[in-house]
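Engineer: In order, the protein sequences belong to chains F and E. For the first sequence, counting from 1, position 381 maps to 381 in our numbering; every step adds exactly one. For the second sequence, counting from 1, position 87 maps to 503 in our numbering; every step adds exactly one.
Misleading hints may appear alongside valid ones.
According to the in silico footprint, chain F covers these stretches of chain E (three or more CB under 8 Å from chain F) [said to hold, decoys possible]:
#1 468-480
#2 502-509
#3 570-581
#4 589-603
Which residues of chain F face chain E? A partial, calculated answer using Cβ under 8 Å [what the hints assert, rightly or not]:
#5 A32
#6 Q33
#7 P123
#8 A124
#9 P126
Derived Cβ-Cβ restraints for the label pairs, each shown as a range [stated by the list, open to error]:
#10 K557/E - K139/F: 55 to 63 Å
#11 V581/E - A148/F: 23 to 31 Å
#12 G319/F - G539/E: 27 to 35 Å
If you're looking for bench data, these hints aren't it; they were derived computationally from the structure. We put the beta carbon where it would ideally sit given N, CA and C, even for glycine.
Spelled out from the first residue to the last, the chains are:
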Amino acid sequence: MPENDNTPNLDHIFTAYTSGGPLAAPAGPAAAQHIARRRRTTRIITAGVLAVALLAATPAVASTWTNQEPPALPADTPTPTTPAPSLSPTPSASPTPSTTPSTPPPNGQIGKTELGNATLELPAWPEYLKEHCPAGRVKFSDGTAQLAPNSELRIKLTEVVHADFDQDGAKETAALINCSGIEMGEARVLAFDRDASDNIVTMGLVTGQTGDIAWIRGIRAKGTAVEAEVVDAAGEGVVEGFAQSQWRTYSWSGKGFVQSGGPSMFPPNPRVTDLSISGDDVQLVPDGTDTASGTLRLTVSNQGPQRATDPYLTVDLPGEITITSLPAKCETSKTLSGTRYRCWLPALAVNADSVVDLPLSAPKSVFDGAQPGRWEAKIVWGYTGTDTGDGKGWPYPEPDGAEDDNSANGNVLPAP
Amino acid sequence: MVRTHGPEDIREEPPPTPTATATATGDTKDVAGVVDSFEEFYAATFQPLMLQLYAYTADIDQARDAVQEAFSRAWPRWNNLAHYDHPAAWIRTVAMNVARSRWRRLRAARAHARFRRDDTTDGPTPDRVALARALATLPEKQRRAIILFHIADLSITEIAEQQGVAPGTIKSWLHRGRAALATALSDTETEETNA
Numbered sequence: 001m002p003e004n005d006n007t008p009n010l011d012h013i014f015t016a017y018t019s020g021g022p023l024a025a026p027a028g029p030a031a032a033q034h035i036a037r038r039r040r041t042t043r044i045i046t047a048g049v050l051a052v053a054l055l056a057a058t059p060a061v062a063s064t065w066t067n068q069e070p071p072a073l074p075a076d077t078p079t080p081t082t083p084a085p086s087l088s089p090t091p092s093a094s095p096t097p098s099t100t101p102s103t104p105p106p107n108g109q110i111g112k113t114e115l116g117n118a119t120l121e122l123p124a125w126p127e128y129l130k131e132h133c134p135a136g137r138v139k140f141s142d143g144t145a146q147l148a149p150n151s152e153l154r155i156k157l158t159e160v161v162h163a164d165f166d167q168d169g170a171k172e173t174a175a176l177i178n179c180s181g182i183e184m185g186e187a188r189v190l191a192f193d194r195d196a197s198d199n200i201v202t203m204g205l206v207t208g209q210t211g212d213i214a215w216i217r218g219i220r221a222k223g224t225a226v227e228a229e230v231v232d233a234a235g236e237g238v239v240e241g242f243a244q245s246q247w248r249t250y251s252w253s254g255k256g257f258v259q260s261g262g263p264s265m266f267p268p269n270p271r272v273t274d275l276s277i278s279g280d281d282v283q284l285v286p287d288g289t290d291t292a293s294g295t296l297r298l299t300v301s302n303q304g305p306q307r308a309t310d311p312y313l314t315v316d317l318p319g320e321i322t323i324t325s326l327p328a329k330c331e332t333s334k335t336l337s338g339t340r341y342r343c344w345l346p347a348l349a350v351n352a353d354s355v356v357d358l359p360l361s362a363p364k365s366v367f368d369g370a371q372p373g374r375w376e377a378k379i380v381w382g383y384t385g386t387d388t389g390d391g392k393g394w395p396y397p398e399p400d401g402a403e404d405d406n407s408a409n410g411n412v413l414p415a416p
Numbered sequence: 417m418v419r420t421h422g423p424e425d426i427r428e429e430p431p432p433t434p435t436a437t438a439t440a441t442g443d444t445k446d447v448a449g450v451v452d453s454f455e456e457f458y459a460a461t462f463q464p465l466m467l468q469l470y471a472y473t474a475d476i477d478q479a480r481d482a483v484q485e486a487f488s489r490a491w492p493r494w495n496n497l498a499h500y501d502h503p504a505a506w507i508r509t510v511a512m513n514v515a516r517s518r519w520r521r522l523r524a525a526r527a528h529a530r531f532r533r534d535d536t537t538d539g540p541t542p543d544r545v546a547l548a549r550a551l552a553t554l555p556e557k558q559r560r561a562i563i564l565f566h567i568a569d570l571s572i573t574e575i576a577e578q579q580g581v582a583p584g585t586i587k588s589w590l591h592r593g594r595a596a597l598a599t600a601l602s603d604t605e606t607e608e609t610n611a
């Protein structure tokens, strides 16, 4: 890449650019982790709070339901006496004229391909998605729709099932749809039918992520109802196996869809408990000509509400400070600035404490004119240590706002 | 491909392949192999990434939020990323994607604003400002290629692998980008002289 004499010397300019001082003060890794954790736990905990509200509202919902005479559930609902119209991939075929005075119900059984290339009327998305996810009359193409080609989020039609929700003798269509992008998204189940002119019309929202539903994983038809597999936690960083799932049943009430079967709320997630760790500065006392020793005493607590089956302790020590006697199940590795110890501790019951004494040793020279060393420790649980796939091996999240006491640090000082 | 949990459809920035080879020359090319500590990785790579993102955005706050956002996204995946040969390449790709999207920028700014520290640095020097502003006049692909080559210190082969294009395309972007950059820098100098 030759440059003529009038060209600025780019290589020198770039060398100068990269060799100067720091550009900005970093917010730090803890701040980055905090944001990630907050994103991870927000859904879980928001769902938990809403679950309480839903529980409180359940009697009212139930009484409303009984007044409306729920549709017969489920399974062996007699099949309509009118033969179901045969499926045609193209809606252009005109309905067969009926010899009876009443017109047969429209065939609302719409295939995934047709639905995914139709213009559908979608109800508004929750407030936080409104500016990213189209609603109203939305044109789908290949099962997707988005506000603009470069939109961060897009709607995707993922599953379609058919059942005669309104018991008019013809099947309708329930579709699992989500609008999602990086780190955020919302799933919902919508029901569609056809009108007398064969146009696709929206029957209504079967369910969205209301109450404690953090995501909808799948749908299936059952009798005249649609069942949705809902989970209580979703999103980036949620460890595999963490979320609880349930199948909940929804039926057409004549005006809209209401839950007619299955559990109405999740039990507390058995993988969420509030662990904490604390410890003080350590003073190292000379114990020979060249070395000094002391004890790092860490107290690990479980504030509940679940028993932590496999607390996982990480301790970072600087430079040449080492732990001379480790708990039974530990691994040691070098870091850029010292040593990391990772230990699985015995199970910790609710409201129980566990004291871990770690004997430290360091050459006395460590303290020659240097800053005091610092220890750092963290406690989590649910960490399997397999690390082979995303989510596998990651610890369980803490209750919202309870993660700050999952780490502790202190000084390692020479005895006065 | 890094896979997230939960929302099944969540799309992810394609990370550089875990096995990408490179001849490191310091910089963020990374603390190679398995990096034990996210904290240490952050400490080692934040400033080099800031230099790259500032050159990319010509805006210190945008660059800082984009880098911080990328680290936030990296952390839940850290067990996997740490095994990449060049985890910083993943961070850089994500940060550049954040910087390029107005919505992602705003979201990152909202998320990270309260963690911004009172800046104890002096801010970018006039030379750095001039270079970043001149780079901002370049088409995005040329600017990106120049930053990866001259600031991230990647080879043309590495850039081509990361960008998913032929090495010849990168050479072309670099050639045109350098010419445009030289002109932009000359113009800046002329303006300053005239002023």
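Engineer: Could you check the structure against the hints above and give me the numbers of any it violates, in ascending order?
Structural biologist: 2, 3, 7, 8, 9, 10
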